[in-house]
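Novice: The primary structure of each chain is shown beneath.
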Amino acid sequence: MNLKRLYQNSVLLPVLIVFTYFCLIVDTVKYPGAVENHFFIGAPVFFAITVTLLLLLDTDSKLMKLVFKANTIFLTVISLIYIVLNLIEGANFTNYILNVYHIHLDGLVYVVIFSLFVFLISKFKSSFPGSIKGLGLLYPAIVLAVTFFMVDNVPYITNMAVSRDSYILFHLGSSYDDRMYYQWGIFYQYMIFVRNNTPTDATIVIPPEEGAWLMGTGEPNFVRAFLYPRTITPESINIPNLQAFGPNTYILIAWGQEECNPDSGCHGWPRQDIKVQKIIYKDPNSSSVIETETNAIYKLGGSQYVYGLIEL
Amino acid sequence: MILAVVFIILIILGIGLPVLLVIVPKSNFFIKVGFSFPIGIGIFTLMMFLSNLLGFRFSLLNEFLLFLLLSIPLIFIAEKRIKDFYIDSVRMFRHSNLSQFELTMLGILAFLTVTSFVNTFYWPVHIWDSLVLYDFRGHVFASTGLMSPAFIDGYYYSYPLLTSLAHTIVYLAGGKYPQFLYSLFYLSLGLGFYGLLREFVSRKTSMLFTTLLLSTGLIFYHSLLSLTNLPYSVYLSLGAICIYLWDKKKEKGYLILSALLVGLSTWTRSTEPFWMAILFVVFIVSIYRRKIWNIAVYSLVFFPIREVWKVFQNSLMGKVASTAGGVSYAKFLAASFDFPQWGQIIIYLFKNVVMPWGAIFVVYILVTISLFVLKTQKKFFLIFFITYALLAVLIVGTFGLSLIEEDWYRIGDAAQRLSMLFYPLFVYCIALVL
Chain A
1 MNLKRLYQNS VLLPVLIVFT YFCLIVDTVK YPGAVENHFF IGAPVFFAIT
51 VTLLLLLDTD SKLMKLVFKA NTIFLTVISL IYIVLNLIEG ANFTNYILNV
101 YHIHLDGLVY VVIFSLFVFL ISKFKSSFPG SIKGLGLLYP AIVLAVTFFM
151 VDNVPYITNM AVSRDSYILF HLGSSYDDRM YYQWGIFYQY MIFVRNNTPT
201 DATIVIPPEE GAWLMGTGEP NFVRAFLYPR TITPESINIP NLQAFGPNTY
251 ILIAWGQEEC NPDSGCHGWP RQDIKVQKII YKDPNSSSVI ETETNAIYKL
301 GGSQYVYGLI EL
Chain B
1001 MILAVVFIIL IILGIGLPVL LVIVPKSNFF IKVGFSFPIG IGIFTLMMFL
1051 SNLLGFRFSL LNEFLLFLLL SIPLIFIAEK RIKDFYIDSV RMFRHSNLSQ
1101 FELTMLGILA FLTVTSFVNT FYWPVHIWDS LVLYDFRGHV FASTGLMSPA
1151 FIDGYYYSYP LLTSLAHTIV YLAGGKYPQF LYSLFYLSLG LGFYGLLREF
1201 VSRKTSMLFT TLLLSTGLIF YHSLLSLTNL PYSVYLSLGA ICIYLWDKKK
1251 EKGYLILSAL LVGLSTWTRS TEPFWMAILF VVFIVSIYRR KIWNIAVYSL
1301 VFFPIREVWK VFQNSLMGKV ASTAGGVSYA KFLAASFDFP QWGQIIIYLF
1351 KNVVMPWGAI FVVYILVTIS LFVLKTQKKF FLIFFITYAL LAVLIVGTFG
1401 LSLIEEDWYR IGDAAQRLSM LFYPLFVYCI ALVL
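Heads up: the protein sequence lines correspond to chains A and B, in order.
Using our numbering, the first residue of the first sequence is number 1, and each one after it goes up by one.
Using our numbering, the first residue of the second sequence is number 1001, and each one after it goes up by one.
Here chain B stands alone, though its shape is the one from the complex:
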């Protein structure tokens, strides 16, 4: 197990961190450290997948060589920045005089994170979806060195491979308990969210709202399980917030980082169309700011990541890629005027998404109102726009699902898990306004 943990740390330090140092060199310590794991593991698993397609079997030696192949050039490119990062980090910790309030928040956050790690290092993979799909594929990849034996039927390639390949790394390194990866996603969410908030608000406020986010029941619960919902939420929500930073800080690095994160979200779960909302916002902002080429920059990073899996999946299914997933535009358009259907969807979303969100959604609505009450808060408009665009995709996406799936209303639990990605966005909006 130790070797597995060491390998993951190497991926964080050798791939994730240098990538962050190259893309967003001016960002704060917490963004760099917090995003290192999601970026590192995302890129590495994608490369594992591609190398396997090229004929390199999954083995510890092959993965280590792949790691060296990726990390050596990256470290070489970011050498100076790594040194500066180290010096700045030491200086920051030396001069961080935390108040009693901040220490208390830190204590709560440490308790939650340590508990998450204790649990995930203790329990084997046991949740149904993971046992039969995500972890199963990881096991087969590690034991056979190949992908094809795991793709027994369509069910086994219905989801992309990020988490399965991350499990493969653990199994190849002799580990038995890969669930600690999800605690790392939880920790990354906390650090990354704190870092993104810290760019605009005080240390105290950032800590308070990071505590609020990490103490959300659904997020904490998912940090103990090996499902794809938490990683997906981390990639998509943090990627969405990066768009806000890109516009406010006028740094293209955040746009590239967002494209990477949102791209990797589709490498975690490919069926949900939330990436469209982010692409739409990038499009609108680029036009509004009269910098159209930003759409190309974003697309150049995002689409290759998304298409790698889509093309592979379609090659296995023997079909042509289709985003609509089997719904014709004519059918979609005709059904758009089916008002009783819309009523059903609204009731379904209210029961399975809004109610489980609870009071945080009420707060979000209240702070949206405050956006119109206080003129000084107009500057936060973009982050609210991003969140509402994602909410629109949730509604339209559910409508689309209702056209494809006859029993769509029976999977309320899945909708609840999926809507977890809104928590970071709600809390971020609230923290900025307050």
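Only chain A is shown next, with the shape it has when bound in the complex:
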């Protein structure tokens, strides 16, 4: 028996395909990277090696034909499962599938893409040259590296595309504000609240760009993006001269989003007592007003969520 016949009758490639599927499924059920954590070589590495060997080696054997046929059926089934699971997630919430079915969609996508790659190779293998004259071992090395690059990118963008499309499909009717709320959460609600309760020519006094307010209410450019054309005036932790503010000035009451270390009690601004015309408190669950006080004295509350506006 010559070497070619020996290779054709061997089960090297079918075993490698099955083994790769096994590794990818372990990653899907346990967590992405589980195989790498236990066996030092990640499932995507086996993915890339198998695809490269399929591209470069002869696959013209009866067993391989059978494997390709089985893979085609598997591709149809696994793609359907993947799409349906993504649609279910899109209809519910992020990580719904992981919570309910304990399946990692970012792992499952590797199974789908591996199956797709095997299918494409079975169909179009003749389109890829097995070697390039003069390049010698450089060519397999190039093919392996290109495959690695694709294994790095294709599952990532596929998952991104399918999950995002699924979400959009089930939220087509949402408004501009709903979409912005999805991206920026309560911060966006708060900005809407401020916009609804201040005139466009108002001056808005914001907390300092530090501590609990570093990346949110204390960042003047960020706040300005939502409240323009209002004038944004940053202040320090303790506002030194409240009398300096003219009419039509509003001070944010901002609890602050960032965690503050080591002083966990840094939340809440302004921190001083202020005699005010009006205090408007925001409903924690919407952009509506929950309570209004007139001719009152503002005092920093205890350890509670407080967002609102002070009209001087």
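In short, the hints are calculated from the structure, not lab data.
It is possible that part of the hints are untrue.
Within a straight-line C-alpha distance of at most 25 Å, the following computed DSS-like cross-link-like pairs (lysine-lysine) qualify [as the list claims (entries may be wrong)]: (1) B:LYS1379 - B:LYS1250; (2) B:LYS1204 - A:LYS133; (3) A:LYS133 - B:LYS1379; (4) A:LYS133 - B:LYS1375; (5) A:LYS69 - A:LYS123; (6) B:LYS1252 - B:LYS1378; (7) B:LYS1204 - A:LYS125; (8) B:LYS1378 - A:LYS133; (9) B:LYS1249 - B:LYS1378; (10) B:LYS1379 - B:LYS1026; (11) B:LYS1378 - B:LYS1250; (12) B:LYS1291 - B:LYS1248; (13) A:LYS123 - B:LYS1204.
Just so you know, these numbers come straight off a predicted model, no measurement behind them.
Could you slot chain B onto chain A? The hints should help.
Specialist: Frame of chain A; chain B shown alone:
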């Protein structure tokens, strides 16, 4: 929103396409169509900027009149070529018998592009940098009709206005979701890259490598966001490849097209010095080919585009223009021998640029080796030279940044985003060699 989309299509068909038909009439269909949007929107936003400086407020009527003013003469000049282009296009599509493999690639490309558009038509601008700067300026321009109210402090004129003015067009036309412009850049990258590759390799190979490029995670991700990195990468990388076509095809149109694209890259992001590498290559090629006047041709197109913003920016800052951005030559020279500093830069670039590039950089190195192994591949030397010149600028530019910015090593994410422009060049080199 429909009016905004129609306006953008008008810019593509009324400005971008005629310009391409005049500059590179012999180029293939995909180059013309693919470059129409970047060229059209680039030129139009530049004219919007200039007209506003002349006292014309931003308004839908004014922008439409500006469009007519630009497009009517262009269409008039390119009238015959437009007709020929239409006839050739119909003929090409009628006779394009795509193989199963090509149809599969086309399907993948269509899925990616449609997904990008679905997302960008759905989501409002939400990414931080865009909200606070690029889109903010677009909003203010559209709501006030003026530029000055947006330039509150230096931060607001730290970047040029291409993307902000493109957003302005959308807002003036009543749109709320300008992010589809970035899907158009993505589509343009695909079509333009395919067209540039198609000049040298088969349809099948071009499609395969265009799929490889568009399925790059970072590029696809940026097609969903309103940041300037993707437009910048499109302008600069395609402009760089045009230099290769100019030399190989011996058509000056590609040189002018490159100057336009690289010029418009500085109208998108002005701080990065990558344009210097292209200018350097043009200089070397012109001398090597003994056609020195080509440097003048390139400069005549490139520098006016670049200087328009630079002069304006400097007038706002009250400073004299300086490319070095605050580093004296003496300091630069002295620091050049600071080897520990170079070590830090190499580690920084390896961590934030080479590692995220991943295996494609390894492939690029391998095909560079093949350039020396196979004598037949010597003809590709120029495109590799261009890419290495840009890589050199990346290294030297990072070194320069390390002299200006104390916290330069903390902005690894920005370096990664910036290095996106190398993907098209790497893939182009690989496709040519294979």
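Novice: Next step is simple, just say for each hint if it's right about the structure.
Specialist: Hint check results:
1. Between LYS1379 of chain B and LYS1250 of chain B, the direct Cα distance comes to roughly 14 Å. Compliance with the 25 Å bound is thereby established for this hinted pair.
2. Taken as a hint, the LYS1204 of chain B and LYS133 of chain A pair is honoured in the structure, with Cα atoms around 20 Å apart against an allowance of 25 Å.
3. At most 25 Å may separate the alpha-carbon atoms for a hinted pair to count; LYS133 of chain A and LYS1379 of chain B meet this at roughly 17 Å.
4. A hinted pair counts as satisfied when its Cα atoms are at most 25 Å apart, and LYS133 of chain A with LYS1375 of chain B qualifies at roughly 12 Å.
5. Taking the CA atoms of LYS69 of chain A and LYS123 of chain A, the gap is about 11 Å. The hint holds against a cut of 25 Å.
6. Simply put, LYS1252 of chain B and LYS1378 of chain B have alpha-carbon atoms about 23 Å apart, close enough for the 25 Å limit, and the pair holds.
7. Distance hint between LYS1204 of chain B and LYS125 of chain A is fulfilled; the C-alpha atoms sit about 13 Å from each other, no more than 25 Å.
8. Restraint check: the Cα-Cα separation between LYS1378 of chain B and LYS133 of chain A comes to about 15 Å, which is no more than 25 Å; the hinted pair holds.
9. Taken as a hint, the LYS1249 of chain B and LYS1378 of chain B pair is honoured in the structure, with Cα atoms around 16 Å apart against an allowance of 25 Å.
10. Straight-line distance between C-alpha atoms of LYS1379 of chain B and LYS1026 of chain B comes to about 22 Å, which keeps the hinted pair within the 25 Å bound.
11. A C-alpha spacing of about 18 Å is found between LYS1378 of chain B and LYS1250 of chain B, which places the hinted pair at or below 25 Å, so the restraint holds.
12. Restraint check for LYS1291 of chain B and LYS1248 of chain B: satisfied, since their Cα atoms lie roughly 14 Å apart, inside the 25 Å limit.
13. With a C-alpha separation of about 15 Å, the suggested pair LYS123 of chain A and LYS1204 of chain B falls inside the 25 Å cut-off, and the hint holds.
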